[in-house]
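Taken in sequence, the protein lines are chains F and P.
Using my numbering, the letters of the first sequence correspond one by one to residues 11 to 267.
Using my numbering, the letters of the second sequence correspond one by one to residues 4 to 180.
Hints are not guaranteed to be accurate.
If you anchor each label on the Cβ, the simulated ranges turn out as follows [as the list claims (entries may be wrong)]:
(1) E164/F <-> A114/P: 15 to 25 Å
(2) D45/P <-> R213/F: 20 to 30 Å
(3) E17/F <-> E116/P: 35 to 45 Å
(4) P163/F <-> R122/P: 20 to 30 Å
(5) A114/P <-> S172/F: 41 to 51 Å
(6) P258/F <-> R122/P: 23 to 33 Å
(7) E17/F <-> D20/P: 25 to 35 Å
Quick caveat, the hints were computed from the structure, so don't treat them as lab data.
Keep in mind the model is a prediction, meaning the values are calculated, not measured.
Virtual Cβ for every residue (Gly too), placed ideally from N, Cα, C.
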Amino acid sequence: MNTEPPEGDELQRMLVAMKQTVLERATPGPKRHRRRTGVVVGVVALLALGTATGAVALTLSQQDRPVAAPVQTQEPAPAPTATTPTSAPITATPVPLPTPGPTSLPTAPAGQRVPIPAPCSSLVPQDDYFRFFGAARLIETVFEDGVPRDTTPEDRLHGLTSPDGSLSCWWQNEGTAAALSIDIHRTSADEQVVAAGGTCSDRLGGRVCTSTITDEMSTAPQTATTLYRDGITVTIGQTDFPTNGLLPAIVGEIWGD
Amino acid sequence: MTTESDESIVGAMASGDRSALARAFDRYAATLTRYAWALADDRMDVEEIVQDAFLTLWQRASTLELPADTMLPWLLVVCRNHAFNAGRKRTKHRADELPETLAAPEGHDEARERLRWVREEIAALPELDRRICELCLLEGHSYAEAAELLGLSVGAVTQRVSRNRRRLKKVVMHDEH
Chain F
11 MNTEPPEGDE
21 LQRMLVAMKQ
31 TVLERATPGP
41 KRHRRRTGVV
51 VGVVALLALG
61 TATGAVALTL
71 SQQDRPVAAP
81 VQTQEPAPAP
91 TATTPTSAPI
101 TATPVPLPTP
111 GPTSLPTAPA
121 GQRVPIPAPC
131 SSLVPQDDYF
141 RFFGAARLIE
151 TVFEDGVPRD
161 TTPEDRLHGL
171 TSPDGSLSCW
181 WQNEGTAAAL
191 SIDIHRTSAD
201 EQVVAAGGTC
211 SDRLGGRVCT
221 STITDEMSTA
231 PQTATTLYRD
241 GITVTIGQTD
251 FPTNGLLPAI
261 VGEIWGD
Chain P
4 MTTESDESIV
14 GAMASGDRSA
24 LARAFDRYAA
34 TLTRYAWALA
44 DDRMDVEEIV
54 QDAFLTLWQR
64 ASTLELPADT
74 MLPWLLVVCR
84 NHAFNAGRKR
94 TKHRADELPE
104 TLAAPEGHDE
114 ARERLRWVRE
124 EIAALPELDR
134 RICELCLLEG
144 HSYAEAAELL
154 GLSVGAVTQR
164 VSRNRRRLKK
174 VVMHDEH
């Protein structure tokens, strides 16, 4: 804007309103143990990204309580109209298997690094975007070496190919608890501990694990679906945001299945 | 009185402490608002960008590695990215289809102009430190790119950026109180 930024009382009023909204939207996540390094932490963090948005709740082994759904926002301005897809949750179809113990994850052939599509709109066929996400507001961030950055034309052309590149997408239906998050990052064998969580099955070319919980602070069950395949982890977190065929669509965009 | 470090605040956020998020907001929201004011088209967008930046901070706290003890440059980068994303979404909605190409990265002069509300603090830094901040924060380079451009190792750049961030934080906080 060409005008001067607000100052004084006007700025304070603006800050108070924004702070209230931020704190309302920052849903309590599971207490996480910060570590300096480690791929497992990356997984926890990416899953926690979903939990913090109210979209993901996983009962990871070291986490001591589930997450809550986001509380209703009180944006200063009218929230945009959001459309919630009405189809069935993606978690309705996994074939339950006996709870597996940690086993080897599917890994990419040596020397081959599967690109992670970016930006978030590239995760599904363009024609299907509205079917999956409706008019929900998207917040997306690419992280490279732990630093957030903007997406580039190269991302769209080649995807994220660096070892530390990851993509975080979060769709939120304003004014409701409905939210969906997709986090994609690279996986190492260390993550098989995490992979043991939830109900798992082997499909879509990898291992798919699903967890669904409802805690006392949730207004809707929270479901996390994680695919481990070829050195990539795709985590979808959903709270009152049903989709139909989202994970296969993402798999199709990443692997061409 | 001892000021709580940014690292401590981030650590508390990683533990699920929302009051830590409130403290981070109190510390940097005014600065981010000034920055976002130069990025956005209207006041509503400013609010959305700033809120999204702090929510991203909350979401990423468990993996956020501060080179030293300030999160401001990280927040500025997040803020800028959210602003660019918001701009692209508007373009997309106008065209009613996904754009063929993403918005071109802004030039140096434009980036500098967009940081005009915190430019004085950065300009007060020593030459090399200021250059690193410019590369990372004004021109949008990663630390690794800054290192390559300046012939430094990433570690060296990280250390220098950390010092700059501490100085910047002091100035900004002084401004805000």
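The hints, checked one at a time:
no.	hint	result
1	E164/F <-> A114/P: 15 to 25 Å	holds (19 Å)
2	D45/P <-> R213/F: 20 to 30 Å	violated (46 Å)
3	E17/F <-> E116/P: 35 to 45 Å	violated (20 Å)
4	P163/F <-> R122/P: 20 to 30 Å	holds (28 Å)
5	A114/P <-> S172/F: 41 to 51 Å	violated (23 Å)
6	P258/F <-> R122/P: 23 to 33 Å	violated (49 Å)
7	E17/F <-> D20/P: 25 to 35 Å	holds (30 Å)
Consistency with the previously given hints fails for numbers 2, 3, 5, 6, ordered from lowest to highest.
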